[in-house]
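Student: Letter by letter, the chains look like this.
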Amino acid sequence: MNFVRVVWLVVRKDLLVELRSREILYTTVFFAVSCVLVFAFGFVREGQAMDDVGAGILWIAVAFSGTLALGRAFERERQSETLRALLLAPVDRPALYVAKLIGVLTLMTAVEIVVVPLVALLFQAPLFRHLPMLLGLLLAGTVGFTGVGTMFGAMLARARSRDVLLPVLLYPITIPVIIAGVRGTSALLQADPDPAIARAWLSLLLSFDVVFITLALWTFEPVMTD
Amino acid sequence: MDFDSLTFQEVTRNFGRRRALNRVSLTCRSAEMTAVLGSNGAGKSTLLSIAATLLSPSSGTIRYGAQTAREGGAALRGRIGFLAHDLFLYPELSAAENLSFFARLHRVSDPANAVDAALRQSNLHERRDDPVMTFSRGMRQRLAIERALLHAPRLVLLDEPFTGLDDAAVAATRTRLSVLRDAGCIVLLTTHDLEAVEPIVDRAVVLAGGRLNAIEKGDGGLRAGYRRLATS
Amino acid sequence: MQRLFLPLLILVAAMFAYAPLAIANAPFESTMLLVQKIFYFHVPSWFVMFSGAFLCAGASVVYLAKGSKNADHYAVTGAELAVVFGLMGLITGPLWARKAWGVWWEWDVKLTLALVVWLTFVAYLLLRRYGGPGSEKLAAGVGIFGAANIPFVYYSVNWWRTIHPKTTVVPTLGPGMRGTFWFCVLAFMLLMVLIIAARVRLERQRARVDELFLELED
Chain Z
1 MNFVRVVWLV
11 VRKDLLVELR
21 SREILYTTVF
31 FAVSCVLVFA
41 FGFVREGQAM
51 DDVGAGILWI
61 AVAFSGTLAL
71 GRAFERERQS
81 ETLRALLLAP
91 VDRPALYVAK
101 LIGVLTLMTA
111 VEIVVVPLVA
121 LLFQAPLFRH
131 LPMLLGLLLA
141 GTVGFTGVGT
151 MFGAMLARAR
161 SRDVLLPVLL
171 YPITIPVIIA
181 GVRGTSALLQ
191 ADPDPAIARA
201 WLSLLLSFDV
211 VFITLALWTF
221 EPVMTD
Chain X
1001 MDFDSLTFQE
1011 VTRNFGRRRA
1021 LNRVSLTCRS
1031 AEMTAVLGSN
1041 GAGKSTLLSI
1051 AATLLSPSSG
1061 TIRYGAQTAR
1071 EGGAALRGRI
1081 GFLAHDLFLY
1091 PELSAAENLS
1101 FFARLHRVSD
1111 PANAVDAALR
1121 QSNLHERRDD
1131 PVMTFSRGMR
1141 QRLAIERALL
1151 HAPRLVLLDE
1161 PFTGLDDAAV
1171 AATRTRLSVL
1181 RDAGCIVLLT
1191 THDLEAVEPI
1201 VDRAVVLAGG
1211 RLNAIEKGDG
1221 GLRAGYRRLA
1231 TS
Chain R
2001 MQRLFLPLLI
2011 LVAAMFAYAP
2021 LAIANAPFES
2031 TMLLVQKIFY
2041 FHVPSWFVMF
2051 SGAFLCAGAS
2061 VVYLAKGSKN
2071 ADHYAVTGAE
2081 LAVVFGLMGL
2091 ITGPLWARKA
2101 WGVWWEWDVK
2111 LTLALVVWLT
2121 FVAYLLLRRY
2131 GGPGSEKLAA
2141 GVGIFGAANI
2151 PFVYYSVNWW
2161 RTIHPKTTVV
2171 PTLGPGMRGT
2181 FWFCVLAFML
2191 LMVLIIAARV
2201 RLERQRARVD
2211 ELFLELED
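These protein sequence lines map, in sequence, to chains Z, X and R. Residue numbering for the first sequence follows my numbering, starting at 1 and increasing by one per position. Residue numbering for the second sequence follows my numbering, starting at 1001 and increasing by one per position. Residue numbering for the third sequence follows my numbering, starting at 2001 and increasing by one per position.
Keep in mind that the hints were calculated from the coordinates and are not lab data. Computed from a prediction, not measured in an experiment: that's the story for all the values here. Glycine residues also receive a C-beta, built at the ideal position from the N, C-alpha and C atoms. Warning: the hint list may mix true and false statements.
[As the list claims (entries may be wrong)] Okay, the calculated beta carbon distance ranges per label pair: (1) T225(Z) to R1203(X): 22 to 32 Å; (2) G1016(X) to V2062(R): 14 to 24 Å; (3) P195(Z) to V2185(R): 38 to 48 Å; (4) F3(Z) to D1116(X): 25 to 35 Å; (5) R12(Z) to G1184(X): 32 to 42 Å.
This is chain Z alone, in the form it adopts within the complex (with noise of 0.2 Å):
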């Protein structure tokens, strides 16, 4: 079957799933704005931010709210075992994946929207001085991230204590992730914006997610048949 077809059913499916309730996106949502604020306590002393910390925050954020959009995407399939239907149909196997992935980056991308402004603001991170670049990084890690974390959340679907699992999983496997992210948008955020240096960790996320994508892509299908 047309591969693209394929993933775009998957993924119009998805979005239909969650625009009724809209309970994974508001949950997300709010737990990364919590995320940020909770940071933000523990970063601000005496109404001044820490220097450096709009992009750290940023990116837990991120990472922290993903992991949980994860574990959520896949237990809504585990409901019904909807998984097990979809692996009966008569498609290839990765396209589910990349359905997933998909499905779970346009969710990132709705919470990005609504965190990055949230940072900037609260710890007056220039975000905006060098928008294209930074988008850049965001979709690049975001990407990365995401590639991981729907292997192994697909992987964990169906396996006993899946909550506490995938995190433990995920975090070492994207830690490169997070430093190139985090240290990417620093370049930006500093007094003397970096672009070079930005772009460098740019180069480094693409290959991440080039490298990982693809070897999930492979895997895939081995790893999910019992």
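Could you slot chains X and R onto chain Z? The hints should help.
Tutor: Positioned in the frame of chain Z, the structure of chains X and R alone reads:
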């Protein structure tokens, strides 16, 4: 991609230290309905999952016609209809949306009409736009049966299809399955409800302790044969 | 392998018995003196950890591609080696660092990379232990991703900062030190081979016991 038989050859499936299926051999042919009986935990669902290509056996082979699941690939999966214990329905979507999604996923030609026909057949047409989470268990079961049969599969696998159905629905489903069988499908179903299936099945087998035994349709019909087997 | 096990065990035991002597006799390094000698055990621990990590990843690939249970035995062995010897490295490292640099921990390339890889394989073992049935396949995925991650962690932390003595530590070892160093490396590697043999055998025995349980039901 079509086939006219499902063959289990010495299929064993272990889960750690538990042997769910023990050297099961079974052949089901086109235009034949087989009932698999057995107490809870006897391995009926495992047998069906393996037939549906969702589980692979620990040893033994399963053939669809001449091909194995691996050789058949995606095309083979398109010829199998599976009703599992979990109903494979999205609670947030409506009945029509659920069927429409699966119809398109299974490349049903003219999905809109197929969905319409399925809804009428299962008497759910008035509730077609209501979310499935508002349905009763029986209504979900009827919808799930339609979902499994939507793409006109060759191999129909049903795990306890009569659960939650009232008498009218049971009768309607029975007729539906008979029609399918007469049209040439291979039908394999598991059930506790011997009375419901007795009029329509061609043969019955029993799973006990992972092993498969056939019931002779001797005196007293299926139930008596089952009792004989269970006490032997 | 069975016949070689005992001679190899004796050899390794002898090597480890001799090692403290060799280390004591090795010349002092100019700045760090006695403390530097922890290095003779610290670095080989990391060699074993990374070998274990790559063994796990390689075996996981074979397991996913071929479904060979034997490959799975090697995979879990590799992961356990990585965790145990990684832990040794993580304990000996800070002990050395405290004396040598004055801090328990530094966020430099080697330390951070080692920590991340260690965490990945701890996660692997947690998954196998608590993931329920069928977690071997899932863990194989984690093993492969973990190994693929190594160059990325290396580069990202490298661009981030670096303080650790450069890899040139080994070539600049004085002649007396070099001999002892490679002796210890050899001892650790042989120990690793022994452990792999014993551990894989243990896994096979466990699989066999499961099979026997199953046959009992027949």
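Student: Next step is simple, just say for each hint if it's right about the structure.
Tutor: Hint-by-hint comparison with the structure:
no., hint, verdict
1, T225(Z) to R1203(X): 22 to 32 Å, "31 Å, holds"
2, G1016(X) to V2062(R): 14 to 24 Å, "22 Å, holds"
3, P195(Z) to V2185(R): 38 to 48 Å, "45 Å, holds"
4, F3(Z) to D1116(X): 25 to 35 Å, "29 Å, holds"
5, R12(Z) to G1184(X): 32 to 42 Å, "34 Å, holds"
Violated hints for the displayed structure: none, as all numbered hints are satisfied.
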